[in-house]
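Protein chains: 2
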Amino acid sequence: MIIDWKKIAEKIFEELKQKIKNSWKKYKLTVILVWKNSPSLRYIKQKEKWANYVWIEFNLLEFDDNISEEKLISEIKKLNTNKEVTAFMVQLPLPKHINSEKIIENISPEKDADWFSPVNLWKVVLWDENALIPCTPAGIMELLKEYKIEVSWKNVTIIWRSNIVWKPVANLLINAWATTTICNSKTKNLKYFTKNSDIIISATWSPHLLKVEMLNKNSVIIDVWFSVIDKKIFWDADFKEIEKNGNLITPVPGWVGPMTVAMLMKNTVKAGK
Amino acid sequence: MIIDWKKIAEKIFEELKQKIKNSWKKYKLTVILVWKNSPSLRYIKQKEKWANYVWIEFNLLEFDDNISEEKLISEIKKLNTNKEVTAFMVQLPLPKHINSEKIIENISPEKDADWFSPVNLWKVVLWDENALIPCTPAGIMELLKEYKIEVSWKNVTIIWRSNIVWKPVANLLINAWATTTICNSKTKNLKYFTKNSDIIISATWSPHLLKVEMLNKNSVIIDVWFSVIDKKIFWDADFKEIEKNGNLITPVPGWVGPMTVAMLMKNTVKAGK
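Chains as they are written, first to last, in the numbering used here: chain A, 7 to 279; chain B, 7 to 279.
Bear in mind the hints are in silico, worked out from the structure with no lab data behind them.
Not one of these hints is a red herring.
Covered by chain A, according to a simulated footprint, are these stretches of chain B (three or more residues, beta-carbon under 8 Å): (1) 117-127; (2) 178-189; (3) 196-206.
We treat Cβ as the ideally placed atom computed from N, Cα and C, and that holds for glycine.
Using the sequences and the accompanying hints, generate a full structural model.
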């Protein structure tokens, strides 16, 4: 059976739109773009589209890709105090001469639409129930909730990919009383863990890493990443076989994208409070 | 076989003492004490003893336990800018009317001897190799290193206790390429994970939770917490039987204490740089 990311995302967009339409408050989301690679441009288009849809004013702030770290930080400090901007984010990746961590450290936690500043991450790790959480991890948790997939008491295996996704997800799951295993490419016997898992979140670059024989009948598969080989897209999970096996699985190529954007909009509204 | 925490801690104290004696630099560690319960007083005594031993000036700053949150924060801000103080820490727990997180948030990351401020924790989570890390987790990692117990590629199970210990430990292990499972009191089948573990770090309050039949021959056991029942101390691991079985295990009642204090002194010296 397929998990319908898109339907859930659309439900959230609809709710936000009603909320904002019926309120006096104005919201403005600024996205900083430095490195104009095509995935970044594509992601930004989606953000713009959905911001407009839910009545959040969208503003793209572009800089030359040879902008200095100092200059970029000073621009961020301006946004931190600009009362018109509800929330903002820096589209990653940045060019190599800029230290992303240093940039993120300078974003005011109150306006950090991506919720990746030290204070916000700290709140996630330390289990602050009021914490606002990074968009993709928040999207995954929301999806599980909408599908009434209980996390507490369950075994969850995360097969890693990035700081932005898997560490916050791991911490959220741990907080929610899941027995959580974080695997990596050096894991000795991945099957030992996946076979015993109620939920598997995979975000590697290994085509069809997850096969039917590695799962149990009830495992739910959240597949977050894919690889491209010879212009063909391969997801981490062998989707067709797994779906045939009766497991609940995220669709290919439905992807986590819409949910992540939905969480960005939700965070913007939260930041406005 | 027994893991000798104390020997390793003493080696670190000796190295620090030589380093400080042979340098012109002066170090001063301040500990803030609000709630004067007897474990806190005992921990502070140890800190004072070892600070003196390694030639770090020790200073205890006591406040009344009805001090307001605002007043405590203003005292912390004074220490943040006091040039004589190399590093400082707040002895936890604090009285209930004070929000510990808010207090810790106000400690300057540069002087945070316990390394528990948002920025420092963030650096641990995000794998900053220069990050200074919370004392008990740092002690555990140092111990494994001294005993040449490789972490990369290994299966590690953490049986939880607290934000201060297990979450940073988990993040450090994940960063070091360990396949890391975080269990809790709701874990369905703890044995499934422990049986498959190269290293088990336990910090619960369950007397003799870990028994021989839950381990494999090669599991290393780091037992960090204990419970007291009828004035008798019970550690998480059934020490006698496990040692007889030939596993490498931390001693009872050797405890992690000396290592934690050693890391506190090491952090103070690092903060002075």
